[in-house]
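Asker: As given, the protein sequences belong to chains A, B, C and D, one line each in that order. At position 79 of the first sequence (counting the first as 1) the number is 79 in my numbering, and the numbers step up by one without a gap. At position 99 of the second sequence (counting the first as 1) the number is 99 in my numbering, and the numbers step up by one without a gap. At position 142 of the third sequence (counting the first as 1) the number is 142 in my numbering, and the numbers step up by one without a gap. At position 54 of the fourth sequence (counting the first as 1) the number is 54 in my numbering, and the numbers step up by one without a gap.
There's no promise every hint is true.
A pair counts as met if it fits within one copy or between any two copies, since identical chains are not told apart.
[Unchecked claim] In silico EDC-like cross-links for lysine to aspartate or glutamate, where the CA-CA straight-line distance does not exceed 20 angstroms:
hint, residue 1, residue 2
1, K90, E130
2, K90, D33
3, K122, D104
4, K155, D121
5, K147, D33
6, K90, D68
7, K122, D146
8, K22, D94
9, K122, D68
10, K147, E130
11, K22, E156
12, K122, D143
13, K90, D143
Derived by calculation from the structure, the hints in this document are not laboratory data.
Number of protein chains: 4
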Amino acid sequence: MAAAKGPATAKRGAVTVPYARKNPCAGEFMHIDAVDWQVMPEPFCINGIRWKLLHTSPELGAWTAIYDCPAGSWFNAHVHLGPGEYLLTKGRMDVRGGSLEGGDTAYAVGYGYEPANARHDKTFFPIASEFYMTFIGPLHFLDDQDKTVAVVGWKEVQAMWLQQNGVE
Amino acid sequence: MAAAKGPATAKRGAVTVPYARKNPCAGEFMHIDAVDWQVMPEPFCINGIRWKLLHTSPELGAWTAIYDCPAGSWFNAHVHLGPGEYLLTKGRMDVRGGSLEGGDTAYAVGYGYEPANARHDKTFFPIASEFYMTFIGPLHFLDDQDKTVAVVGWKEVQAMWLQQNGVE
Amino acid sequence: MAAAKGPATAKRGAVTVPYARKNPCAGEFMHIDAVDWQVMPEPFCINGIRWKLLHTSPELGAWTAIYDCPAGSWFNAHVHLGPGEYLLTKGRMDVRGGSLEGGDTAYAVGYGYEPANARHDKTFFPIASEFYMTFIGPLHFLDDQDKTVAVVGWKEVQAMWLQQNGVE
Amino acid sequence: MAAAKGPATAKRGAVTVPYARKNPCAGEFMHIDAVDWQVMPEPFCINGIRWKLLHTSPELGAWTAIYDCPAGSWFNAHVHLGPGEYLLTKGRMDVRGGSLEGGDTAYAVGYGYEPANARHDKTFFPIASEFYMTFIGPLHFLDDQDKTVAVVGWKEVQAMWLQQNGVE
Chain A
1 MAAAKGPATA KRGAVTVPYA RKNPCAGEFM HIDAVDWQVM PEPFCINGIR WKLLHTSPEL
61 GAWTAIYDCP AGSWFNAHVH LGPGEYLLTK GRMDVRGGSL EGGDTAYAVG YGYEPANARH
121 DKTFFPIASE FYMTFIGPLH FLDDQDKTVA VVGWKEVQAM WLQQNGVE
Chain B
1 MAAAKGPATA KRGAVTVPYA RKNPCAGEFM HIDAVDWQVM PEPFCINGIR WKLLHTSPEL
61 GAWTAIYDCP AGSWFNAHVH LGPGEYLLTK GRMDVRGGSL EGGDTAYAVG YGYEPANARH
121 DKTFFPIASE FYMTFIGPLH FLDDQDKTVA VVGWKEVQAM WLQQNGVE
Chain C
1 MAAAKGPATA KRGAVTVPYA RKNPCAGEFM HIDAVDWQVM PEPFCINGIR WKLLHTSPEL
61 GAWTAIYDCP AGSWFNAHVH LGPGEYLLTK GRMDVRGGSL EGGDTAYAVG YGYEPANARH
121 DKTFFPIASE FYMTFIGPLH FLDDQDKTVA VVGWKEVQAM WLQQNGVE
Chain D
1 MAAAKGPATA KRGAVTVPYA RKNPCAGEFM HIDAVDWQVM PEPFCINGIR WKLLHTSPEL
61 GAWTAIYDCP AGSWFNAHVH LGPGEYLLTK GRMDVRGGSL EGGDTAYAVG YGYEPANARH
121 DKTFFPIASE FYMTFIGPLH FLDDQDKTVA VVGWKEVQAM WLQQNGVE
């Protein structure tokens, strides 16, 4: 018989009641100014985009962050492996070339939905911009031969954030 | 300033790095025969449906169970508040009146998808049947005036399962 | 044999290939000022909260909205049936009594996570406030005897929004 | 102002009501014997594993399949980018080396949960086995230098399944 494992196992006599006593998740609140901006490293973007990690959800693989994007900065090519939603609170964002080239040009204050499998070859910020984004699943960063640079999900962003803040 | 709370808070000097050190979820395995069937109580079904709770996911509000349904048993009216998927491993299930009345008649071995907001006025088992089902979100059980009987999600099924197994 | 149904069915000779040709979801962008505020009706809140519906996700049962909350307004008692995340862009929000009574007091600009099953007896705005929120699953509104007032998910908010905008 | 796009846009006078008229997803039912097994190609597994694609969910990036695994077959190294749940209906599956090497050995009939980020270097079937599995998000297949072989999600499995069935 297969062994039950993990912290949630409960037993009654000889009967295994595995995994049944899970706890609800805790609520969270974070004052955004209380946390310093960190620089997002170059494999992912160009010209000094900074970020704050606001939340990770290990079970679903979801995560939430806010980005500060100087004029002329951009994110390198990536595919959203699950859906993402953003609130552009400041500035302008050219997605998939912007509306002149068939993509979207987002003006603040604006809401956007990027579906699972959306590919963004270059997400460009012509003026200083800021946006908040919730992600389900990782981003798949690609180089210019479409080779994998990195698959970056809740676990990788958490590790990067903790390292940047001198924790762990 | 709002206080950070919960077990996942990390600090670096005066800077709060809230909620950033989450652990991955644990894997689970459960030999299904190692767990006893429990009777599903009457508000939810008629004629002796039994169940085993296999998994709960508190973060997404998902859960997984297997049901043993004698000939002539049924589930009472309910709405799926999120999507559900089932594998009918034995028997036959008339969903939404069955195919004679515009619904589906599922024969084993069969796969079914019930979308968010699917309403099942009576899910009927004309012969002895068994099915495995994964749920995202709760079920909303209704009486014959469409009043709420119960909203039953991961937390409520876990509490019922633990109580039925003499735990907690 | 069970009949295939729905728009995604494909056939090859005698072999059914059901449901396999699904389309990716479309991206969305919405300039928030281009849409008028609508009044959120009284069963759900008090003192003139207004809203804009930004997105619905029928498959997962997710949805996204932004709320404008005058000083002294509040949401009535409700349970989040799935997780929700918010960005408080302006003002102050007392959740579960606020920090003086064991809950959270959110100050702008702040991020919050409300887990599945979070119960909010009264979410109060002592000053003029605005917040953006993503929801997975419905809200379960309760009266003061804990009876169901309404279960409000993507489908219900879409119907209310379209009705308020004179569409459909 | 940013242009609204996509099929779900509605208008009322000069006011845009974007994306608000989404349709509920359709229910599905599929008699599993009505569909032929297809061979899963070699980059993903060894020794003749066959599969049937049962469902795709483009919005969440979820998908569901059933696998027929001859004695001595295995899946190559992969990481689950989101959670997966399986029902092992026949046989035995050694996950992460099996229980002798610190992993799980699943015996039929058994239920398993593999969390987001679970890495399976070799999932081995010592005897003829069959399992049904629901996935949220893609699988990331790796070679023996941990380089990406492929990221395989709902869209890629759908394309492979349609091609194998002579559709599209």
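Asker: Where does the structure disagree with the numbered hints, that is, which hint numbers, in rising order?
Answerer: 5, 8, 10, 13
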